[in-house]
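Keeping their order, the protein sequence lines are chains U and L.
Okay, so the first sequence: first residue is 1 according to this note's numbering, each after it adds one.
Okay, so the second sequence: first residue is 208 according to this note's numbering, each after it adds one.
Covered, in the sense of this in silico footprint (three residues per stretch, anywhere, with C-beta under 8 Å from a C-beta of chain L), are these stretches of chain U:
| hint | region |
| --- | --- |
| 1 | 57-69 |
| 2 | 72-79 |
| 3 | 92-100 |
| 4 | 139-153 |
In short, the hints are calculated from the structure, not lab data.
This structure is a prediction, so every number in the text was calculated from the model and none was measured.
We put the CB at the ideal spot given by N, CA and C, even for glycine.
There are 2 protein chains.
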Amino acid sequence: MITLHDNVDSGNAYKARLLLGQLGLPFRTIAYDVTRGETRTEDFLGRINANGRIPVIEFDDGRCLAESNAILYYFALGTNFFPDDRWRQAEIMQWLFFEQYSHEPFVAVAKFILTMLPPDTPRRAEIPLLHEKGYAALQILEDRLKNRDFLVGGEYSIADIALFAYTHKAEMGGFDLGRFPALQRWIGRVEKMPGFVAMYPKDGSRS
Amino acid sequence: MITLHDNVDSGNAYKARLLLGQLGLPFRTIAYDVTRGETRTEDFLGRINANGRIPVIEFDDGRCLAESNAILYYFALGTNFFPDDRWRQAEIMQWLFFEQYSHEPFVAVAKFILTMLPPDTPRRAEIPLLHEKGYAALQILEDRLKNRDFLVGGEYSIADIALFAYTHKAEMGGFDLGRFPALQRWIGRVEKMPGFVAMYPKDGSRS
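All chains, please: the whole structure from these sequences, using the hints.
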């Protein structure tokens, strides 16, 4: 059985939990506390991921795959979550790279600072810039979803999974999703997809 | 003929020029000065890329594809630059997302600050942190390439193109590549690949 090297507070790890759940693929998890450096040990860096980050999928033969969106790609190949059409695939890729470059570094990091670090952390000084850039990313999503049910080709795909993960918890990072009605409707649609699993075991309690 | 919305100083745009050149695909370019906001005009944001960034590939029918690594994926599909094997594809994806999340935001941004902004820019204060994180990324590449000719499966792929772009110009961002002998050998191998094209028209003059 595959192993997901996991963290409950990581939207990136949640992407893998959500897709594997929707595909009905069994997996076990090993949870790490990233704030205690548990992903920076010699064993983790040498065997699991030299970049010291979760999520990582470990296969029974010891092979390891890091980077949340590479994990989505691997498991979605050949399924409805990643259609065969070359152009749609390219558009999905565009959104996956947009997420990691222009969305996650702001939306996810604001959540991390406000919920995982002490209230007096000096990193709170980063919040205004994170909000400026995070709101820009959320606005791009809002505009994209105004006339679309899902991000690419009208169908739910790993593009939606990748963007949903941190977007639907953006308020934990101090973002006001009330500004984005199309985004809120899309969040509702994703939450109604077959096999949907919530990010937190008792969702609502952390948001 | 396809159009590459381009910038000569962008390693991300260079990735597209390099792959298209190696594939022998003809394309025309439109150059933008990103420091003058030329990718933030109403036309660019509305028609080319809502995220206001180059590179973008524009097709004759008006479709546009942004994100350098999505462009690499689209054009490499079905070629030797992106092998059919699912596991190798996943590994390539891991390196593409590593590049955009853990490498480019430091290695590329240091180059931008030191070569594109005025010498007295306050952004020079970012350089120490950019170097710390950029050196960490370069060390991961060094370790990966110590016993390998190329990043994935022993064969040149879009993973090498994506990482080569800013790595081989890292010294423009103040990084000392002398610390990384395996990286330097790999740079030499990439530069000898069939159809290789240099980043700058008169390469050497800018580095």
